[in-house]
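J.: Add chain C to chain L, keeping to what the hints say.
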Amino acid sequence: MTEAVLNAPVARRLRLPMGDLLPILTVLLVIVGIWYLGAIRMNAAWERDQAARAGVELTLPDLVTRTLSQDRPVLPAPHQVAVGLWEGVAGQAITSRRSLVWHAWVTLSATLAGFAMGTAAGILLAVGIVHSRSMDQSVMPWAVASQTVPILAIAPMVIVVLASAGVTGLLPKAIIAAWLSFFPVLVGMVKGLRTPDAMQLDQMRSWSASRAQVFLRLRLPSSLPYLFASLKVAIAAALVGTIVGELPAGATAGLGARLLSGSYYGQTVQIWAALFAAAILAGVLVALIGLIERATLKRMGLAR
Amino acid sequence: MIEAQGVSLTFQTADGPVHALKDVNLSVAPGDFVSFIGPSGCGKTTFLRSIAALETPTGGALRVNGMDPDAARRARAYGYVFQAPGLYPWRTIAGNISLPLEIMGFSRAERAERVARVMDLVELSGFGGKFPWQLSGGMQQRASIARALAFDADILLMDEPFGALDEIVRDRLNEALLALWRKTGKTIGFVTHSIPEAVYLSTKIVVMSPRPGRITRVIDSPLPPDRPLEIRDTPEFIALAHEVREGLREGHSYD
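For the protein sequence lines, the chains are L and C, in the order given. For the first sequence, the numbering used here gives the first residue as 1, with consecutive numbering after it. For the second sequence, the numbering used here gives the first residue as 305, with consecutive numbering after it.
Chain C on its own, in the form it takes in the complex:
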């Protein structure tokens, strides 16, 4: 689904080149839930943006759905959820979710049908006529996920989507996201700062470290796909979280 071989990305800045990514190798299978975790500057967001063709790698080979990322973007291979919901204040929730569909040229009837379906998926049915400011932060981010799902991309890329929300809302949204992933079978790439979040959600945890941005460890999760929130108190979960922390330490992320 996503294949990266020796992907590098160097930004030229006034202070000389910055190696945002160096020799990144990764293979993501269909249906995987992959988390990218690491400190600021480890290139996790840059890598996600490269998959989305929002950045262009300066070296290596990156394939998305067997295509180069730019072609994959045009073929609507992914939906992207940003850290902020980015809803348009002059559009209702339904209007916001409908926006990418309008841009992609779906008919009015199909737009209405799809908007209703994804709003149901993120449990926002009945809020279609509300404006964004009338919704809580968590509901706004759910609307933004619905918008990314509306055009049926196989891949969902999420860049710290719950980073700005409080712990309790975050727990609920993590639970809902997991349910949504099981229901839709999407491939999800998820960038986060939080070890528990990464461990709770993922089938594959990619630990990254900075200067230069690189992958230090890829951990396949032994946890079952069905995960109640209480799983976070089990020894397996704690051991896995420990392993992620070890991976971060290995990359000198705590220095």
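The shape of chain L in the complex, shown without the other chains:
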């Protein structure tokens, strides 16, 4: 068994990158294929309608080219979304209101602020729950209840209430992001802080360790793998929370605003481009936490 453990990383390193890439590319290809077929099918009705009105007969190749190059398609084709994304990112000055980078930054800053608030709240509550029986019984039900209320119902209230108090901009969105992101951190940290078993706690007792020493030297390090797993969920949730928070705000800035204005004006390409920008942003954020996780656990000797 030991031998298998020791050899595992070597085997992984020796495998060609192509071997990992192939299944991913296959799935991507299938998705893109289905997407194109879907775009043709869904956009065809409008083209047929137009052709009937003009009294022209559409050949199949004509139909296909037209459905894939509409201005306001029901479902934009992948290349249209790619172009929309590219123009949004590279085609504008990043300070422009048409720049996706600018909108992404607006969303990102609120996401990070909310993520920080949510993580801090989650960790603090978890520490309290692990150390106090009454907190364990009183806080957890409310934490669960907070997540069962649909965020779409909460978000406008938070925005409106805070706006009437004169608080606008980043903070209301960050609060909604924190609302969604504290929960996974809380659950993960409670689980993580409770991983030390009876023997490890007895051991600490045999050394007459204080509660603070047990916390810092045993509970906290034991909980780190759980914390990182939760942080990945939490940062994605924070991004969703921020975007939802941008929808009812009158919507002038942020990826959520981009989605909303896109739907007002039937700019489906803009909606899809913003969607992909959000997805890419989420992917990058989760990957970033994964990197920090690997570096930390490696330094702690927990990654093998």
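Just so you know, the hints here were simulated from the structure itself, not pulled from any lab data. Idealized CB from N, CA, C, for every residue including glycine. Among the clues, some could well be false.
[Unchecked claim] If you anchor each label on the Cβ, the simulated ranges turn out as follows: (1) L:Ala279 with C:Met408: 51 to 57 Å; (2) C:Gly433 with L:Arg294: 20 to 26 Å; (3) C:Ala483 with L:Thr195: 34 to 40 Å; (4) C:Asp319 with L:Leu216: 36 to 42 Å; (5) C:Thr317 with L:Val284: 52 to 58 Å.
[Stated by the list, open to error] Here are some chain C residues pointing at chain L (derived, C-beta under 7 Å): (6) Ala356; (7) Leu358; (8) Arg377; (9) Arg378; (10) Tyr384; (11) Gly390; (12) Pro393; (13) Pro404; (14) Ile407; (15) Phe431; (16) Phe435; (17) Phe541.
T.: This is chain C only, laid out in the frame that chain L set:
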């Protein structure tokens, strides 16, 4: 060193009270190597934990170093070795051995000096920078013994420390433990399931039996302190092992 008079411990459970210990009387002198042997449920671990103030007896008087067990624990009277090494995977071997010293507030220089000394004592010098998973089970348990020795407690309490190891590793560790005991002059309390292990190691063998947990026989070993592994084939050793087995039978441990 350790004085127990009429010590009883009753756990209240849903199925009624469980008498883990009943009227236990025992006197352990400084430098003794005492083994507690008996079947599961005889209270041997409970008694060891009571000495360590990890359990509180419900009756009788228990004194450790002339103090009540809780005060003795705070005065660092004992080091406790559990069945599992319980090393922290995020600390190196040296870091693990240093852990109780950090908790007790030793200075950095003194920690380094003590860690080096006890690692030498358990023959782990040179492995300080390794992580626990890089060591074999036997070496991990040696590190755990070193950790219990690091703060110079007079008493070493060991709860089946070699129970999870194979026979050959166990023999070697028993030999090493005996050498360590002779060198340091510690008082050792040692819980085990194994008759040969108890006979080989101890100056005093405490035979216990279950329901209620009690001492059925205390046997003082006539074996010399210097014991090569081959001593296990001598008539004296075999006679002593027989006596322990008789004690177990007396307590209906084989029923």
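J.: Confirm or reject each hint.
T.: Hint check:
1. L:Ala279 with C:Met408: 51 to 57 Å: About 52 Å separates the Cβ atoms of L:Ala279 and C:Met408, which means 51 to 57 Å holds.
2. C:Gly433 with L:Arg294: 20 to 26 Å: For L:Arg294 against C:Gly433, whose Cβ atoms are near 21 Å apart, the range 20 to 26 Å holds.
3. C:Ala483 with L:Thr195: 34 to 40 Å: The hint (34 to 40 Å, Cβ to Cβ) holds, given that C:Ala483 and L:Thr195 are roughly 37 Å apart.
4. C:Asp319 with L:Leu216: 36 to 42 Å: 39 Å, holds
5. C:Thr317 with L:Val284: 52 to 58 Å: 55 Å, holds
6. Ala356: 6 Å, holds
7. Leu358: 5 Å, holds
8. Arg377: Hint on C:Arg377: holds, closest Cβ of chain L at ~6 Å, below 7 Å.
9. Arg378: 5 Å, holds
10. Tyr384: For C:Tyr384, the interface hint holds, since the closest Cβ of chain L sits about 4 Å away, which is under 7 Å.
11. Gly390: 6 Å, holds
12. Pro393: With a minimum Cβ separation of about 6 Å from chain L (threshold 7 Å), the hint on C:Pro393 holds.
13. Pro404: Constraint on C:Pro404 satisfied, holds at 4 Å.
14. Ile407: Given a least distance of 5 Å, the restraint on C:Ile407 holds.
15. Phe431: 14 Å, violated
16. Phe435: Holds, because the Cβ-Cβ distance from C:Phe435 to chain L comes to roughly 4 Å (cut-off 7 Å).
17. Phe541: 33 Å, violated
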